[in-house]
Every structure is written in structure tokens, then in C-alpha cells.
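2 protein chains.
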Amino acid sequence: MTTSTALYTDRYELTMLAAALRDGTAARPCVFELFSRRLSGGRRFGVVAGTGRLLSLLREFRFGEDELRFLRDNDVVDAATLAYLEDYRFTGTIRGYREGELYFPGSPILTVEGSFADAVVLETLALSVLNHDSAVATAASRMSIAAGDRPLAEMGSRRAAEHSAVAAARAAYIAGFGATSNLEAGRRWGIPTMGTAAHSWTLLHDDEESAFRSQIEALGTATTLLVDTYDIRAGVELAIRVAGTSLGGVRIDSGDLPIVAAEVRAQLDELGATGTRITVTSDLDEYAIAALAASPVDAYGVGTSVVTGSGYPTASMVYKLVARQDAAGAWVPVAKASADKASKGGRKAAFRSLEHGTASAETIAVSAGFDEVDVPSEHPDARPLQVVLVEAGEIDTSFEGAEGTASARAHHLRVREELPIRALALSKSDPAIPTLWVDAV
Amino acid sequence: MTTSTALYTDRYELTMLAAALRDGTAARPCVFELFSRRLSGGRRFGVVAGTGRLLSLLREFRFGEDELRFLRDNDVVDAATLAYLEDYRFTGTIRGYREGELYFPGSPILTVEGSFADAVVLETLALSVLNHDSAVATAASRMSIAAGDRPLAEMGSRRAAEHSAVAAARAAYIAGFGATSNLEAGRRWGIPTMGTAAHSWTLLHDDEESAFRSQIEALGTATTLLVDTYDIRAGVELAIRVAGTSLGGVRIDSGDLPIVAAEVRAQLDELGATGTRITVTSDLDEYAIAALAASPVDAYGVGTSVVTGSGYPTASMVYKLVARQDAAGAWVPVAKASADKASKGGRKAAFRSLEHGTASAETIAVSAGFDEVDVPSEHPDARPLQVVLVEAGEIDTSFEGAEGTASARAHHLRVREELPIRALALSKSDPAIPTLWVDAV
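Chains A and V, in that order, give the protein sequences. Under full-length UniProt numbering, the first residue of the first sequence is numbered 1, with each subsequent residue one higher. Under full-length UniProt numbering, the first residue of the second sequence is numbered 1, with each subsequent residue one higher.
Honestly, the hints are just simulated from the structure, not real lab data. Among the clues, some could well be false.
Intra- or inter-copy, both count: the list cannot distinguish identical chains.
To be verified - Calculated cross-link-like contacts (lysine to aspartate or glutamate; reagent style EDC-like; alpha-carbon spacing at most 20 Å):
hint: 1; residue 1: K344; residue 2: D326
hint: 2; residue 1: K344; residue 2: E86
hint: 3; residue 1: K344; residue 2: D439
hint: 4; residue 1: K428; residue 2: D149
hint: 5; residue 1: K344; residue 2: D207
hint: 6; residue 1: K344; residue 2: D231
hint: 7; residue 1: K428; residue 2: D326
hint: 8; residue 1: K428; residue 2: D298
hint: 9; residue 1: K344; residue 2: D206
Using the sequences and the hints, build the whole thing.
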């Protein structure tokens with residue numbers, strides 16, 4: 001078992017590196033950009049997530065003996081390339097959107113500056129992390145908006161691969177969820193963990209009453225009892241009989257939720273359990289949550305739909321060479337030109353233009369090379385969107401770990417407030433604000 | 001950094017364990033079953049994948065100092081439970097479908113036998129692995145059927161979280177793909193790796209000709225040149241001029257593929273490059289592959305759609321208690337009864353019924369407890385579907401690693417041949433064979 005992330009890489013990155021070391025272009029200063037041409041699924045905004053994870057994975061992007069042996073034994077690259085990789089560490093600079101920031105079509109989410117050799121090998125790792133985490137965060141933010149002030153917990157680990165589940169819990173938390181069922185996410189990122197009980201708990205016991213009684217004895221009356229194993233009405237009645245009217249909550253995991261929630265609320269109130277909360281957890285997504293806004297539901301648990309990006313399990317971000325120096329050291333903006341998938345060459349600087357505090361445009365200034373770009377003069381109150389994440393190989397540690405996760409969440413909740421009202425609707429539409437392209441001054 | 005997988009677990013599993021240790025039910029012998037009530041997306045069959053990975057992860061499912069400290073510091077469970085977890089290792093038995101096997105609604109994909117304490121804690125890990133890997137394998141198998149004899153490579157790592165990408169490469173390989181771009185999958189599971197070049201390779205150079213020339217010099221004329229950076233027709237002409245008519249292949253990553261492929265084939269033939277192969281890689285899924293069956297395409301590279309399960313990124317498998325002993329030691333079949341999501345109690349044994357070598361039914365025999373179940377007498381030529389994966393805590397290592405992956409792939413390709421013709425169609429429909437429930441004799 002190794003912790004190197006160096007082989008989370010597509011083979012062609014290393015074979016291009018080998019060819020570039022051979023022809024001398026490996027040393028050319030380059031600017032790669034990670035961006036998305038569109039927002040998936042007619043979403044009105046995207047949420048950047050994964051940046052903090054990526055920085056930690058970048059630290060482990062080293063080719064050790066095991067990695068080099070695999071590459072040598074399988075003739076992936078030649079001896080000169082193996083020698084280069086043995087000493088590889090990223091020594092370039094990465095600027096990017098803060099984690100939790102919103103993005104729109106063309107937003108330069110990451111700008112990776114370095115030699116071709118430095119930067120080309122990071123394509124797969126950077127895209128893997130940001131495409132997955134941003135897809136989850138984008139869906140999660142919509143759910144969090146739909147839930148309003150009601151608590152919202154992520155409990156989809158079982159519907160995502162085991163490591164992705166941890167990353168998804170983190171992305172959902174950044175985008176406004178309040179807790180996760182995933183213990184590893186709690187340990188790794190300091191995310192609050194929660195849970196109730198499964199149907200197996202009730203079925204393990206001789207009857208529902210023994211199950212409820214045992215749970216109350218072990219976990220206290222503040223716990224949440226799952227009441228839909230046999231018959232919901234009987235389950236609720238039994239729950240209050242066993243726990244008393246101070247029971248913390250009941251969970252409903254099946255049935256037609258708006259109807260069932262109203263019935264259960266009425267029944268709880270009749271029984272005097274007016275403070276007992278109702279948590280619902282059955283196949284929720286942002287639409288189902290919105291549809292429950294007028295129902296007497298106190299908390300939501302969301303599984304499958306949040307960890308799979310609610311229909312869009314990956315963002316459509318790409319990693320493209322946008323500028324490089326020629327042999328004489330002059331910067332040349334570059335871009336694929338043919339057919340579809342055309343993109344815009346040149347390094348980008350990005351600003352959120354605001355009018356009276358409300359976002360009005362994603363303003364992107366294009367320059368050829370490494371020049372510093374000021375806030376565009378037409379948009380003097382624009383907010384610069386890029387920060388330095390890695391400078392000459394030094395990773396800014398403040399974006400990592402529990403601290404980075406908490407600050408990404410705070411940043412997201414803050415910048416979401418800048419969105420115009422139409423951004424909050426769930427239906428498919430155009431991006432909430434236009435992308436304005438301007439020339440760098 | 002730890003390699004323990006013990007916290008890839010939902011919090012409620014440990015709190016149920018705590019309550020069960022307290023009331024004595026933790027020791028009750030139990031049978032949990034992992035199954036799916038339906039096939040996602042109107043698919044006609046599902047493909048089991050992830051079993052080999054799960055067994056390796058199960059070996060690391062131990063609560064070490066770090067895990068126990070987190071649970072203690074966050075008051076997840078009490079001291080008695082911490083003491084139990086400190087010594088935890090799974091000592092039960094797991095039977096299951098062989099990896100690569102087909103599954104249908106109700107198929108008992110895994111049967112986990114042990115005490116409640118032994119088995120309840122594995123719910124999330126088992127579901128995470130099997131739901132993800134099986135979703136990918138199911139989509140991949142359809143693509144592999146659509147591709148027929150043409151080589152098919154998985155290159156979707158950038159559209160899946162970094163660890164899932166490795167698992168997805170493995171699942172796709174098991175389901176019939178021939179190679180992956182992911183180097184870690186090559187190292188870990190012995191899967192053949194492949195790759196061509198990116199648009200950045202061409203853009204790095206002063207012109208397309210220098211890029212092609214350099215690639216040929218470094219990698220030989222058997223390489224595949226990416227010809228759509230500027231203009232495909234000019235790119236193809238240049239590729240053959242630089243490499244000669246023995247050029248291995250050209251890759252097309254954009255445009256209307258049936259039209260473009262035909263044009264490129266005609267152009268290559270005119271230039272005398274009749275042996276130069278055409279690889280296409282632009283947004284393919286099983287439907288696009290099928291639509292290219294009559295086009296002169298030699299190989300497919302599939303990205304996003306295979307790693308995201310082609311619209312169904314997770315299988316809908318669940319992990320349910322289906323039988324347990326009561327206080328007197330008698331077996332009791334159990335199942336959730338209310339509303340939707342009802343399931344069938346009792347331990348299942350599964351057989352693929354065959355008629356003249358063609359699968360005719362998924363025959364599932366139900367018994368209350370641990371009884372051995374014979375091939376049903378009505379289906380004497382039925383093939384038993386379950387094998388022992390873990391016996392009294394001992395993991396069968398033959399299912400793990402490169403060896404297990406290769407044998408899962410061979411098994412899949414073999415059992416796929418048993419399917420009736422209607423199973424191979426891509427449109428949404430019912431499962432290809434019915435599930436027959438019989439009582440165990």
C-alpha cells in the first residue's frame with residue numbers, strides 16, 4: 001500500500017512528457033487552465049469544490065520506487081523520463097477560485113503555471129478531484145437552498161464508492177449541508193456526524209417495542225426512532241408510549257412523504273409530543289425537498305441524489321493548455337480551433353462584477369502570458385476571484401484539512417448571498433449571470 | 001495517513017452496535033443480504049463487480065488507535081463498544097455471486113452470516129463498493145456488447161473521483177473493456193494501459209508538423225496521432241506525410257463521428273494508408289458506439305459515460321437483515337413490511353436455470369436460516385450462483401488482486417454467452433430473464 005498519487009494519471013501524460021523531454025519542449029513555460037465550457041444540466045451556477053483535497057493530493061504526487069518500477073517494467077516511458085520523474089515535484093504556481101466559490105461557463109477555476117513537464121502530468125488528478133467534488137457541491141447547494149433553515153444531512157455513502165463517499169460528504173458540507181453519516185469524513189475534515197437506526201435494528205428484536213425500548217435505554221430519549229418498519233401509525237404510537245412525549249424525533253424512510261409527514265405530525269401533536277421532530281430520508285433530491293417546504297418536516301436526510309450530483313455525477317471541467325512561450329521566450333496564446341470544443345487561448349483573470357451587492361457578471365480578462373491583471377476599469381467594484389494556492393511549489397496549507405473545509409463552507413454561504421434571486425430557482429435555465437470577456441489592460 | 005477502512009461506515013451502524021451490546025442482541029446469529037430490488041434504468045441485466053476489492057478492504061476493516069480515538073473523542077459510542085471494536089475482526093461467513101456474474105432483481109449478491117455485531121458494521125463498506133463497481137460494470141458490459149470485436153478502452157479517469165477512477169477502470173475491464181488509460185489501475189490490477197496524445201501536445205509546439213514529427217520520433221510510427229486540433233482534413237494529410245503510410249492510427253475527438261470517420265477513412269485510403277486505424281473518443285456511450293457499428297471505426301475510447309454508469313452512477317443495492325435467531329436459538333425470517341420498499345425475509349440460495357445452454361430464469365430458493373439448499377429439483381441443470389468468499393473470517397484470496405480481476409473478467413465473458421438474444425438489446429425493458437421464487441426443499 002502506497003500513498004503516492006502519482007499514478008492517478010492517464011498514460012498519455014507521461015508519454016507526452018517523454019516526447020517533450022526528447023525534443024526540448026518540456027521546459028517551455030506554459031499556462032494550463034481548468035475550466036468548464038458550460039454548466040451541466042441547465043444549472044444556474046456551479047460550486048467549486050475539491051481544491052483543498054487536491055492540494056493535499058498534490059503533496060503526495062511523487063514517483064517513488066514502486067511507481068517507477070511499474071513504469072519501467074511496463075515500458076511506459078524511457079530511462080530519461082524515469083530519471084526526470086524520480087526527482088519530480090511540482091515547482092510551478094497554481095492560482096484558482098477559492099473553494100466554495102461559484103463558477104460559470106469559462107471561469108478559470110484553476111490556472112497552473114509552470115514548465116510543460118511540471119504541469120502536464122497534473123491533468124487527470126486535478127480534473128478527477130474537481131469534477132467530482134464540484135458536481136456534488138453544485139447539487140448540494142441547490143438542496144441546501146431548497147431546505148432553507150431546516151437541518152440537512154448527507155447520508156449517501158452507500159451509493160458512492162468508498163473513497164468518493166468521504167469526498168462527497170465534504171463537498172456537500174461545503175455547499176451548505178450541516179452533517180454527514182460518514183465517520184471517515186468526520187475524522188478527516190471535522191464534519192459533524194449523525195445517524196438514527198436502520199430497519200435491521202427493529203428486525204433484530206423480537207418486536208418493535210423491544211427495539212425502541214433498547215434504543216432509548218442506550219441513547220436516551222433525545223434519539224430518533226425509525227417508525228416505518230411495520231406500520232407507521234402503530235410505530236408512532238408505540239414510539240411515544242415507550243419514549244414519552246420528550247422523544248427527540250421519528251424518522252420516515254418510505255411512503256408518500258407530504259401525506260405521511262402531515263399524518264405523523266397530527267398524530268404526534270395529538271399524543272402531546274409537540275416537540276418531537278420528523279426527519280424524512282426517502283429518495284430525496286432538491287425537487288422533493290422543495291415540494292416538502294409546506295409540509296411539517298423538521299429535517300432532511302439525503303442519500304443517492306447528493307452523492308451522485310442529482311443527475312449530473314461529474315462536472316464537465318477540462319484542463320487545457322492556453323498559453324506557452326515559443327523558443328524565443330515570447331508568450332503565445334493557444335487553443336484548439338477545429339469543430340466543436342473550441343476554446344479561448346490566453347491566461348485569464350476573473351472578477352465577479354457586482355451591482356449594489358448583487359452579482360451581475362462573471363468578468364474574465366484575457367492576456368497572453370503571465371502579466372498581472374487589474375480589476376477591469378469598467379467594473380471598479382468587481383471582486384477578484386482568484387487566489388494563490390501554490391506558489392513556486394509551496395502549497396498554502398490554509399486551504400487544507402478541517403480548517404480549509406470550514407473556511408470553504410463559510411465562503412460558499414457568503415458568496416451565495418450575492419446571487420440574484422433568479423439564481424435560486426431549480427428549473428433548467430441559462431447561467432444566473434453572463435460571462436463577459438474583456439481584454440486585459 | 002491510515003489504511004484502515006473501518007470508518008468508511010455510517011455512524012448509525014456503530015450506535016446500533018452499542019445498543020445491541022447493551023441489550024444482548026449483538027450476539028444473535030444473523031443473515032444479512034445484499035441485493036437489488038430492480039435493475040436501474042430499464043437495463044436487461046446487471047453485472048456484479050467490486051467483490052474482489054471488497055474482500056481486500058474487509059481485511060483492513062480494523063479499528064486501530066486513530067479510529068478508536070476519533071470515536072471516543074466524539075462520543076460516538078460508549079466504552080464497552082470501544083473495547084469490542086478494538087478486537088473486531090469479521091469472523092463470519094460471506095457467500096456471494098462470483099465477480100463478473102450477472103444479477104437480476106432479488107439476486108442474493110452477497111449473503112453475510114455472523115452475529116449482528118459481526119455483520120451490521122459492514123453495511124456501508126459493502127454497499128459503497130458493490131453499488132459503484134456494479135453500476136460501472138453494467139454500463140460497460142452494454143458498451144462492450146455494442147463494440148463487438150472492436151477494441152474498447154476506458155479513459156474516463158478525469159470524470160471520476162481519483163480513487164473511483166481506479167475502481168471504475170477495473171469494473172470496465174471485468175465487463176469486457178480491453179484497456180484503460182489509468183496507470184494506477186494498471187499497477188494495481190494488471191490491466192493493460194493505453195494512451196495517445198492530448199491537444200496540449202500539438203499546441204505546445206510551434207506547429208502541428210513539429211508536434212507530429214516529435215511524437216513519431218519518440219514513440220515510433222505505430223503511435224496514434226490526434227488529428228483534430230486545427231482542421232481534421234489537413235491534420236490527416238499532415239499525419240501521413242510525416243509518418244508515412246505505416247502510421248498506426250489517428251484519433252478523432254470531436255465532430256459528427258459517423259460522417260467524420262467515413263471522410264477520414266476515405267482520405268487515409270486515398271493516401272495509401274489503408275492500415276492506419278481510426279480511434280474515436282468523443283462523448284461515446286453504448287448508443288453512440290452502436291450507431292457507429294457500420295462506420296469505418298477501428299477502436300473506441302470511452303470516458304465520462306462508462307465511469308458514471310451511463311446515466312445510472314450507482315446500482316440500487318441494499319443490505320438487509322433477512323433472518324436471525326430468537327432468544328431460544330430458532331431461526332426467524334424477517335423483512336420490512338410497511339408501504340413501499342418491502343422485501344422478502346429468509347436466506348436465499350440462487351441458481352441460473354438454463355434451457356439448452358440459454359439462461360431461462362434466476363431461480364431463488366428461500367429458507368429460514370443457515371440450511372444448505374440443493375439445486376431445485378424442477379431445474380436439475382441449474383447453475384449454482386453463490387460461492388464462499390469468506391469462511392469463518394478467512395478470506396479466499398483467489399478473488400483478489402490481478403488474478404481475481406482476470407478471472408472475474410473471464411467469468412463475465414463466459415456467462416454473458418448464456419444470455420438470451422433479447423438481453424443484448426440496448427433499449428429500456430424488463431429484465432432479460434424472470435426471477436422465480438421457490439421454497440427451499
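Hint check:
no.: 1; hint: K344 - D326; in the structure: within (18 Å within a copy, 68 Å between copies)
no.: 2; hint: K344 - E86; in the structure: neither (34 Å within a copy, 56 Å between copies)
no.: 3; hint: K344 - D439; in the structure: within (12 Å within a copy, 65 Å between copies)
no.: 4; hint: K428 - D149; in the structure: neither (24 Å within a copy, 40 Å between copies)
no.: 5; hint: K344 - D207; in the structure: between (66 Å within a copy, 18 Å between copies)
no.: 6; hint: K344 - D231; in the structure: between (60 Å within a copy, 17 Å between copies)
no.: 7; hint: K428 - D326; in the structure: neither (43 Å within a copy, 53 Å between copies)
no.: 8; hint: K428 - D298; in the structure: neither (28 Å within a copy, 38 Å between copies)
no.: 9; hint: K344 - D206; in the structure: between (67 Å within a copy, 18 Å between copies)
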